[in-house]
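Let the sequences and hints guide you as you build the complete structure.
Note that my numbering has the sequence shown beginning at 52, numbered continuously upward.
For the record, the hints were derived by calculation from the structure and aren't laboratory data.
The structure presented is a predicted model; accordingly, all values stated were derived computationally and were not measured.
Check the hints yourself; a few may be wrong.
[As the list claims (entries may be wrong)] Label-pair ranges, simulated between beta-carbon atoms:
no.	residue 1	residue 2	range
1	Thr-178	Ile-94	24 to 32 Å
2	Gln-233	Ser-455	43 to 51 Å
3	Glu-147	Asp-369	39 to 47 Å
4	Arg-491	Glu-309	51 to 59 Å
5	Val-311	Asp-71	52 to 60 Å
6	Gln-285	Asn-328	47 to 55 Å
7	Arg-538	Thr-317	50 to 58 Å
8	Ala-486	Asn-544	40 to 48 Å
Note that CB positions come from ideal geometry on N, CA and C, so glycine has one too.
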Amino acid sequence: EPMHPSLDNAQSCVLIQAGDRPVGLLTECDLVRLAATGKSPAILPVSMVMSAPVITLKYSDFTDIFVPLCLFQQHQIHHLPVVDEMGKVIGLITDESLQPLLQAFDLLHPLTATEVMTTPVVQAAPTATLAAIVQQMTVHSTNAIVIMEEAGSHCRPLGVLTERDIVRLLAQGVNLETVQAQDVIEHPPVTASIQASLPAVQRLMQVQHTPQVVIVQDDGAVAGLITQSTLLSQMNPGLLCRMAGELAQAQMRQVQTEKVREQLLTQLATQTHGSLNLQEILEATVQAVRPILHCDRLLVYQHHPALDRGVRAESVGDGYPACLGDRTLLPHFREQAVALAERRQTLVVDDLTLADDADSAATHEQLAPYQIKSMVLVPILVKNSVWGLLVGHQCNQPRYWRHSDRSFLEEVSLQLAIAIQQTTHDFSSLKQAEATLQERSEYLRSIYEGVEQAIFTIDVLDDGEFRFLDFNPAAEQIMGESAKSMRGRPPANSVCSHYADCVSAGEPITYEERLTFQDKPS
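Next comes the structure, spelled out in structure tokens:
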């Protein structure tokens with residue numbers, strides 16, 4: 052039947068079936084090639100345009116990601132229907148659907164954008180007609196054209212037109228011969244630096260929901276283009292075989308890492324319960340955790356709405372500046388982290404060069420002294436309030452903070468929260484005990500100084516000798532001397548003998564004797 056293309060659901064292909072059997076695929080590329088001939092899809096049967104025969108994958112053969120990747124590489128396709136044992140279609144694998152499964156590859160092979168980007172970039176002027184752009188796509192076998200405009204000594208990217216854009220415009224009835232590229236570009240392109248890692252570019256695609264990223268130099272000039280097909284092209288058959296072994300080794304290393312981290316958490320819990328000095332706990336924690344997390348800087352930032360205490364504790368690798376005591380460190384990201392903390396969420400910025408920050412110039416200026424490329428900010432919650440942040444920095448390069456990294460830091464944050472609450476509670480209890488003791492001491496002192504009976508205290512020295520320590524006012528009056536003058540002098544020999552007998556027997560000193568003071572009997 053004649054075709055009437057529609058992209059209401061933004062699908063990248065249409066599967067053509069005869070009964071339950073797939074007989075062809077109509078893709079965006081097929082429609083663009085047709086548009087390049089000047090023919091209208093509305094007057095042609097789909098069988099004349101679709102790609103056939105269809106490469107399929109049995110569901111029972113879909114044992115891992117390597118199976119569809121090999122088929123994509125072998126047949127240079129972007130769509131792979133999955134069928135059951137009877138040949139009935141039960142699903143579809145595309146470039147886009149494979150992207151989330153490439154995380155392991157990205158972690159094991161941290162290539163940079165400049166190593167994998169497509170060059171040279173197929174470009175067109177803003178005034179180029181859509182018909183000319185369709186011809187370029189067909190001639191260069193590309194699914195994306197970068198629209199460039201002059202900007203001083205070089206050209207800068209104004210936008211990107213893709214096969215999907217062309218098909219959407221065809222469905223809207225746009226005249227390709229008269230409409231120019233600048234008339235249909237809706238937003239600027241998503242860009243990344245040539246220093247960006249391949250995992251960072253892939254995550255940028257996922258966050259921005261775009262199938263391509265324009266790679267730019269430091270001055271904004273276009274250096275290359277990375278698409279979803281570019282990412283898959285890195286998965287050559289030789290690499291796939293080597294990757295299987297590396298994945299197994301990575302899993303073993305991960306198990307060992309988890310074991311070491313669990314041991315450290317147990318050690319931190321023990322140290323926390325054995326100390327009342329919060330500063331010592333904070334410093335010992337960052338010093339112990341940073342080498343195991345393999346980051347360049349780890350710090351504890353104490354937050355307060357009215358008065359930030361700043362960086363309380365820090366462990367930093369050789370060659371990187373310290374930020375201990377800094378009270379203005381990254382206010383933009385700190386505010387974001389505190390806001391997320393109220394929802395029990397962690398802020399992760401894998402690549403700060405790709406951060407979508409409205410005030411990026413000021414932010415980068417603040418980052419420069421500390422050489423921060425990537426960071427993770429974990430809230431420290433005490434009694435459901437944000438006490439501070441546990442912050443990890445990577446300075447040598449951007450870093451993908453894995454789920455296990457974040458979970459580990461969240462466990463450390465919990466231990467710190469317990470320590471903060473414990474030391475705060477114990478300190479309060481100690482202050483309360485001191486206040487109670489002081490109150491009792493003052494009460495006893497009032498009795499000691501107010502009674503009419505003479506009361507004095509005597510110290511027993513190591514050699515068994517006795518010395519006066521203190522006299523109450525009544526004793527001073529009877530003795531006729533001040534407590535200060537009597538302090539350190541021995542009692543009378545007759546008194547000392549009574550004291551010695553009671554001390555040696557371990558009995559209370561209780562006896563009565565009539566003594567003479569100031570030549571008067573008492």
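Structure versus earlier hints, numbers of those that do not hold, lowest first: none
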